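As they're listed, the protein sequences go chains A and B.
1 is the number of the first residue of the first sequence in the numbering used here; add one for each residue after it.
1 is the number of the first residue of the second sequence in the numbering used here; add one for each residue after it.
Honestly, I wouldn't trust all of these hints.
[Unchecked claim] Derived pair list, reagent style DSSO-like, types lysine-lysine, alpha-carbon separation capped at 30 Å:
| hint | chain 1 | residue 1 | chain 2 | residue 2 |
| --- | --- | --- | --- | --- |
| 1 | A | K296 | B | K296 |
| 2 | A | K296 | A | K375 |
| 3 | A | K296 | B | K375 |
| 4 | A | K375 | B | K296 |
| 5 | B | K296 | B | K375 |
These are calculated hints, taken from the structure and not from any lab test.
What you are looking at is a predicted structure, and each value in this text was computed from that prediction instead of being measured.
2 protein chains.
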Amino acid sequence: MIDPPPPPPSPPIEAVNAPVFSSALLAEVRLASVRGVGPLLRRRLIEAFGDAERVLRTSPQELTGAPGVGPKLAQAIGAAPDEATARGELRQAATAGIRPLVLGTPEYPPRLAQLGDAPPVLYCRGQVAPTDTRAIAIVGTRRASRYGLRYAGELAAGLARAGVTVVSGLARGIDAAAHRACLEAGGRTLAIMAGGLLKIYPPEHAELAEAVARRGALLAESPPRMPPMSGSFPQRNRIISGVSLGVVVVEAARRSGAMITARHAAEQDRDVFALPGVIDNPQAAGCHQLIQEGAKLITGVDDILAELETLEACGVIDPRPNAAVGVPVAPDSAPSRSAALPPLSEVEQRVWEAIGVGPTAIDTLIDSAGLPAHKVLATVSLLELAGRIERLSGVMVARRS
Amino acid sequence: MIDPPPPPPSPPIEAVNAPVFSSALLAEVRLASVRGVGPLLRRRLIEAFGDAERVLRTSPQELTGAPGVGPKLAQAIGAAPDEATARGELRQAATAGIRPLVLGTPEYPPRLAQLGDAPPVLYCRGQVAPTDTRAIAIVGTRRASRYGLRYAGELAAGLARAGVTVVSGLARGIDAAAHRACLEAGGRTLAIMAGGLLKIYPPEHAELAEAVARRGALLAESPPRMPPMSGSFPQRNRIISGVSLGVVVVEAARRSGAMITARHAAEQDRDVFALPGVIDNPQAAGCHQLIQEGAKLITGVDDILAELETLEACGVIDPRPNAAVGVPVAPDSAPSRSAALPPLSEVEQRVWEAIGVGPTAIDTLIDSAGLPAHKVLATVSLLELAGRIERLSGVMVARRS
Numbered sequence: 001m002i003d004p005p006p007p008p009p010s011p012p013i014e015a016v017n018a019p020v021f022s023s024a025l026l027a028e029v030r031l032a033s034v035r036g037v038g039p040l041l042r043r044r045l046i047e048a049f050g051d052a053e054r055v056l057r058t059s060p061q062e063l064t065g066a067p068g069v070g071p072k073l074a075q076a077i078g079a080a081p082d083e084a085t086a087r088g089e090l091r092q093a094a095t096a097g098i099r100p101l102v103l104g105t106p107e108y109p110p111r112l113a114q115l116g117d118a119p120p121v122l123y124c125r126g127q128v129a130p131t132d133t134r135a136i137a138i139v140g141t142r143r144a145s146r147y148g149l150r151y152a153g154e155l156a157a158g159l160a161r162a163g164v165t166v167v168s169g170l171a172r173g174i175d176a177a178a179h180r181a182c183l184e185a186g187g188r189t190l191a192i193m194a195g196g197l198l199k200i201y202p203p204e205h206a207e208l209a210e211a212v213a214r215r216g217a218l219l220a221e222s223p224p225r226m227p228p229m230s231g232s233f234p235q236r237n238r239i240i241s242g243v244s245l246g247v248v249v250v251e252a253a254r255r256s257g258a259m260i261t262a263r264h265a266a267e268q269d270r271d272v273f274a275l276p277g278v279i280d281n282p283q284a285a286g287c288h289q290l291i292q293e294g295a296k297l298i299t300g301v302d303d304i305l306a307e308l309e310t311l312e313a314c315g316v317i318d319p320r321p322n323a324a325v326g327v328p329v330a331p332d333s334a335p336s337r338s339a340a341l342p343p344l345s346e347v348e349q350r351v352w353e354a355i356g357v358g359p360t361a362i363d364t365l366i367d368s369a370g371l372p373a374h375k376v377l378a379t380v381s382l383l384e385l386a387g388r389i390e391r392l393s394g395v396m397v398a399r400r401s
Numbered sequence: 001m002i003d004p005p006p007p008p009p010s011p012p013i014e015a016v017n018a019p020v021f022s023s024a025l026l027a028e029v030r031l032a033s034v035r036g037v038g039p040l041l042r043r044r045l046i047e048a049f050g051d052a053e054r055v056l057r058t059s060p061q062e063l064t065g066a067p068g069v070g071p072k073l074a075q076a077i078g079a080a081p082d083e084a085t086a087r088g089e090l091r092q093a094a095t096a097g098i099r100p101l102v103l104g105t106p107e108y109p110p111r112l113a114q115l116g117d118a119p120p121v122l123y124c125r126g127q128v129a130p131t132d133t134r135a136i137a138i139v140g141t142r143r144a145s146r147y148g149l150r151y152a153g154e155l156a157a158g159l160a161r162a163g164v165t166v167v168s169g170l171a172r173g174i175d176a177a178a179h180r181a182c183l184e185a186g187g188r189t190l191a192i193m194a195g196g197l198l199k200i201y202p203p204e205h206a207e208l209a210e211a212v213a214r215r216g217a218l219l220a221e222s223p224p225r226m227p228p229m230s231g232s233f234p235q236r237n238r239i240i241s242g243v244s245l246g247v248v249v250v251e252a253a254r255r256s257g258a259m260i261t262a263r264h265a266a267e268q269d270r271d272v273f274a275l276p277g278v279i280d281n282p283q284a285a286g287c288h289q290l291i292q293e294g295a296k297l298i299t300g301v302d303d304i305l306a307e308l309e310t311l312e313a314c315g316v317i318d319p320r321p322n323a324a325v326g327v328p329v330a331p332d333s334a335p336s337r338s339a340a341l342p343p344l345s346e347v348e349q350r351v352w353e354a355i356g357v358g359p360t361a362i363d364t365l366i367d368s369a370g371l372p373a374h375k376v377l378a379t380v381s382l383l384e385l386a387g388r389i390e391r392l393s394g395v396m397v398a399r400r401s
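Extracted from the complex, chain A is given alone in its bound form:
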């Protein structure tokens, strides 16, 4: 006979009634807090060692030599905050209503999870709802004109009324106008912060942040007590586009954060929309440059909604996101517009069949597919993007073998 195992140690007094965090979660938080371990390196480490706990248990000697890990970084990982420190941080955040969403779990925004550089841990205050997969970001300059502020608001309100979640960065100017108009129209809104959620910036938006947390969520990659730093804004911008189906740039100078968000959106295969303005407004210059580079010029919310309808018709997005409640989306199995030969949607299938085996004129397709011309054109673009067809000229397409 052997002795029964000893009872588990009781939790320390101060932790009674405090939320309980798993070692796996704590390990993710500890690893994410190591300076130099970004989303890409984390992924490599986990591929090499299994999970965050195993990475933290590995000796610096063993870590050194893993892809992308030198002796300095190995030392830094070895010096990661211990479990108690991480637990303390999370408990403090929890008293302010902040909890971590971990990549690969159902609560994590599924569209963001599809990105190669998705944050492993995303701090959240409020709720990310299943309908928030149907989200559009509205971004722009802090130094907005009355025109910019007006249409940031009108577009946000229009999206809210159409049941689309409005995403922005809680900054002064266009961002705040979009969040406010969305809330006033009864919509849901997500604010993606550059700093931690205990360091709301700018401070005068503390009240707006409260309202956003009540009717949506505040989200941040930075740990809760991290102040916003200039380098974290471009990083944050990839999350704004990453959680969204598309990004609307309302007013932006040629060199601005909104332009960075638009570039992230294009790289992430998101739609980029831009509001035109007068050419003597320097804050319209970024929008005009984006349009010259291929962004969609919009003259109202209908242009955005029409694009969403097309994406839905083509099966790129789910028109009834409630159906997806609780279904975790793993990074590798996530649907992607550019995945190799994904199943075709009903509309895509119809256009594909109308193309037939030889080169086909787009005008013929429009006549034969039995769909509105704009849907045929949009579907042709999607099939082309997916590598299923090729455009032989401006007016002819053919299937690709």
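Following the hints, put chain B in place on chain A, whose structure we already have.
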């Protein structure tokens, strides 16, 4: 021995010192004045019967049954004004400095001559210079805003300073602002009229018309005494785009003459440029629609000049149009962007060679062609348009066999 032939009859008294018109020219004028004989039917008739004189000598019975000719039209051709009437019209016009330019002769604008529906006779007051092949049209609403008037002027002045001829329609608003600014900047300008050149419309632009005739030309398809009619404006618009390399729409409502000109331009393979504006200006709505349909958004004259430079670099237009003085351009032998396998320009040749025999990434081309990125991209588009290469995806191209 036979008698010597009788001396030719002396010209009538009133014709002494009056200009002399050939029977061929008079026949073109007589045929063009038959209601129902437009440029396309004229071409068919001439293909069927040889030339305008022979068409007019053909009996209505014989004309009936020619492609597109019924008994009514055959009767109308039979009832064409006689030679004396046509001569009288031309003499009257000549006293006002108006002379006919006939399709296929060296004086006729060569770019217009390339069109299938080029007017057989174009009335001209002033001079069409060889440099006028390098022309850009600026068009827009009669009810222009201060913004529209300002930039119509700035664009016209900028084009004038770059040696580009400014084409427009002498209408109120944008057209007049473009002609005036071009003249003030010392440039050449062509005004294409909907009515005849003895019926300047609107009447308050009589003085502007004089200035245009002195530093460019007034041109019209309608006979000199024909008043402008509503149906002649859309017809006129095809000539505005037809004589130009591209059309700039400065301000236009969605349904407007400027939009018709833009559509003609696109059909004629001309560039379409549009100035953006605020979305609450209904006169910007046409411009925004054009941009959504593929027109180039411009924020200044440099965007237009860059495009002209690209066309020149690719050999689509001649950077030194003086070299072409006096060279007639026949409709069939005219250079065309879409002609089958035309010789490649130096730039096109370089890009073509850089593409090599297999699929090539556009980024690789930009690295290897030794040309600025925008020139490579523009040349890729031109080669694609000419059917010489195909785009396999957004980023890959290949030669077409």
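Results of checking the hints against the structure:
As the CA atoms of A:K296 and B:K296 are separated by approximately 12 Å, the hinted pair is consistent with the 30 Å bound. A C-alpha spacing of about 16 Å is found between A:K296 and A:K375, which places the hinted pair at or below 30 Å, so the restraint holds. With a C-alpha separation of about 23 Å, the suggested pairing of A:K296 with B:K375 holds against the 30 Å cut-off. This hinted pair checks out: A:K375 and B:K296 have alpha carbons roughly 23 Å apart, not beyond 30 Å.
At roughly 16 Å between alpha-carbon atoms, B:K296 and B:K375 fall within 30 Å of each other, so this suggested pair holds.
Checked against the numbered hints above, the structure violates none of them.
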